[in-house]
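> Here the structure of chain A is known, so what remains is to put chain B in place on it, guided by the hints.
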Amino acid sequence: MDASVAEQQRILASDWGGGKSPFGTDWPKFMMWIFIISDALTFAAMLIAYGFMRSISPAWPVQTHVFNMVLITFMTFDLISSSAVMAMAVGAARAGDAKAAVKYLILTIIGGAIFLGCQVYEWAHFIEHGARLNHNPWGVPQFAASFFVITGFHGFHVLSGLTILAIVAVRAAMGKYSATSVENAGLYWHFVDVVWVFVFAFFYLL
Amino acid sequence: MELTKSNDHAHSTSNRQYFTTWCWLLLMTLFALGIGYVPMPEGLKAVLLVGTTLAKIVLIGSIFMHLKFEKMNLVMLTFSPLLLAVILFFMTRGETRMHDATHQIISHQGEVIPTGEAHEK
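These protein sequence lines are chains A and B, in that order. Numbers given in our numbering equal positions in the first sequence, counted from 1, plus 16. Here our numbering is used: position 45 in the second sequence is 32, and no number is missing along the way.
Hints listed in this document are in silico derivations from the structure and should not be mistaken for laboratory results. Hints are not guaranteed to be accurate.
What the hints assert, rightly or not - Below, simulated DSSO-like cross-link-like pairs (lysine-lysine); rule was C-alpha separation at most 30 Å, straight line:
no.: 1; chain 1: A; residue 1: K45; chain 2: B; residue 2: K58
no.: 2; chain 1: A; residue 1: K45; chain 2: A; residue 2: K192
no.: 3; chain 1: A; residue 1: K36; chain 2: A; residue 2: K192
no.: 4; chain 1: A; residue 1: K119; chain 2: B; residue 2: K55
no.: 5; chain 1: A; residue 1: K45; chain 2: A; residue 2: K119
no.: 6; chain 1: A; residue 1: K45; chain 2: B; residue 2: K55
no.: 7; chain 1: A; residue 1: K115; chain 2: B; residue 2: K32
no.: 8; chain 1: B; residue 1: K32; chain 2: A; residue 2: K192
no.: 9; chain 1: A; residue 1: K36; chain 2: B; residue 2: K55
no.: 10; chain 1: A; residue 1: K119; chain 2: A; residue 2: K36
no.: 11; chain 1: A; residue 1: K119; chain 2: A; residue 2: K192
Unchecked claim - Simulated DEER-style distance windows between Cβ atoms:
no.: 12; chain 1: B; residue 1: T79; chain 2: A; residue 2: Q25; range: 47 to 53 Å
no.: 13; chain 1: B; residue 1: A33; chain 2: A; residue 2: Q25; range: 23 to 29 Å
no.: 14; chain 1: B; residue 1: Q4; chain 2: A; residue 2: N150; range: 46 to 52 Å
Said to hold, decoys possible - Pulled from the structure, derived: some chain A residues nowhere near chain B, Cβ distances all over 10 Å:
no.: 15; residue: E23
no.: 16; residue: Q25
no.: 17; residue: M47
no.: 18; residue: I53
no.: 19; residue: G67
no.: 20; residue: S71
no.: 21; residue: C134
no.: 22; residue: G146
no.: 23; residue: Q158
no.: 24; residue: S162
no.: 25; residue: L175
no.: 26; residue: S176
no.: 27; residue: V213
Heads up, the beta-carbon is just placed ideally off N, CA and C, and yes, glycines get one too.
So here's chain A without its partners, still in its complex pose (with noise of 0.2 Å):
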């Protein structure tokens, strides 16, 4: 009989016995990264897709010649710098510093319009020299469709994270939003950042 209640109690005080969290996070926190690794596993599919159909192909453009590496590497820095003011955003916002926390998430913001703006200017310059979905003139149909696809993808997500960021910073101005929402949100541009060093490695260097 002791034997199976101290079992019992070995088992309730586990990660795994009940009323607590198996993974140590609130429930919001836990499902945005069960969201995140569950795109991370669309836009992986897409990459690892590309990477076929490069190996398959007789020839493949190359990168350096045809986007300029200039506004690619200046997208990356942006990126990475509003990623950073982000996080600087959750620590302010952990820190119940409310003007502080508005004041990064508009400068995250800012810096995600900017990204999005330099991705519009690149695809209107790649449809300007001929680009389409199926066609292009580098002479590989896949390159121009891979690049729309996947850059249109990310673009999406950057859009879709910049109305989250919007959100929370209204919300956060006017003194109704918690730390924990901030730093949801932040998790979400994080991963932005995330899979765009994937891109910009995979696709636009290698």
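Then chain B, alone, in the frame of chain A:
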């Protein structure tokens, strides 16, 4: 709900640490850009770029996303897409038959492209 102070002191990261991390990320970005331009074997380029990318995501994940303060089971869960992606990559790599001398690539005009020219840029 007001913007209340969090009681979780274990998650405190200073702005100075964020700035230092930002500097490192910037340096790694410039390094990756350099790899893209310097002529080198494709395999070496791939290894260096993958290594740099992994280093960047570890920094972003641990410092910006506060994963270094989270429980190990959550950290391992977040890295599961990377593991699955690696598995998927190696599963599909064999289908490309990149180094198979008998693999023929046929152009749109129906001509066979010799294997030696098959993977030029």
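> Are the hints correct? Go through all of them and say.
Here's how the hints hold up against the structure:
Distance check on the hinted pair: K45/A and K58/B sit about 13 Å apart at the alpha-carbon level, within 30 Å; holds. A C-alpha spacing of about 18 Å is found between K45/A and K192/A, which places the hinted pair at or below 30 Å, so the restraint holds. Restraint check for K36/A and K192/A: the C-alpha separation of about 26 Å stays at or below 30 Å, so the hint holds. Restraint check for K119/A and K55/B: the C-alpha separation of about 26 Å stays at or below 30 Å, so the hint holds.
For the hint pairing K45/A with K119/A, the CA-to-CA distance comes to about 23 Å; that is within 30 Å, so the pair holds. Between K45/A and K55/B the alpha-carbon distance is near 15 Å, which keeps this suggested pair within the 30 Å criterion. Taken as a hint, the K115/A and K32/B pair is broken in the structure, with Cα atoms around 45 Å apart against an allowance of 30 Å. As the CA atoms of K32/B and K192/A are separated by approximately 49 Å, the hinted pair breaks the 30 Å bound.
Our distance criterion of 30 Å between C-alpha atoms is met by K36/A and K55/B, whose separation comes to about 20 Å. Taking the CA atoms of K119/A and K36/A, the gap is near 34 Å; set against the 30 Å cutoff, the hint is violated. For the hint pairing K119/A with K192/A, the CA-to-CA distance comes to about 16 Å; that is within 30 Å, so the pair holds. As the Cβ distance of T79/B to Q25/A is approximately 49 Å, the hint placing it in 47 to 53 Å holds.
Checked against the hint of 23 to 29 Å, the C-beta distance between A33/B and Q25/A comes to roughly 52 Å, which is inconsistent with it. In this structure the hint that Q4/B and N150/A lie 46 to 52 Å apart at CB holds, the actual value being about 47 Å. Every Cβ of chain B is farther than 10 Å from the Cβ of E23/A; the closest lies at roughly 22 Å, confirming the non-interface assignment. Separation of Q25/A from chain B is adequate, the least Cβ-Cβ distance of about 21 Å exceeding the 10 Å criterion.
Separation of M47/A from chain B is adequate, the least Cβ-Cβ distance of about 12 Å exceeding the 10 Å criterion. Listed as outside the interface, I53/A is inconsistent with that label: its C-beta sits roughly 6 Å from the nearest C-beta of chain B, within the 10 Å cut-off. Some Cβ of chain B comes within 10 Å of the Cβ of G67/A; the nearest lies about 7 Å off, and the non-interface call is violated. For S71/A, the requirement that its beta carbon stay farther than 10 Å from each beta carbon of chain B is not met, with the minimum near 4 Å.
Every Cβ of chain B is farther than 10 Å from the Cβ of C134/A; the closest lies at roughly 15 Å, confirming the non-interface assignment. Remark: the non-interface label on G146/A is consistent with the geometry, its nearest Cβ contact in chain B lying 18 Å away (cut-off 10 Å). The beta carbon of Q158/A is kept farther than 10 Å from every beta carbon of chain B, the shortest such distance being approximately 13 Å. Every C-beta of chain B lies more than 10 Å from that of S162/A, the closest at about 15 Å, which supports listing it as non-interface.
Residue-level check passed: L175/A sits 20 Å from the nearest beta carbon of chain B, beyond 10 Å. At roughly 18 Å from the closest C-beta of chain B, the C-beta of S176/A stays outside 10 Å, upholding its exclusion from the interface. Listed as outside the interface, V213/A is inconsistent with that label: its C-beta sits roughly 5 Å from the nearest C-beta of chain B, within the 10 Å cut-off.
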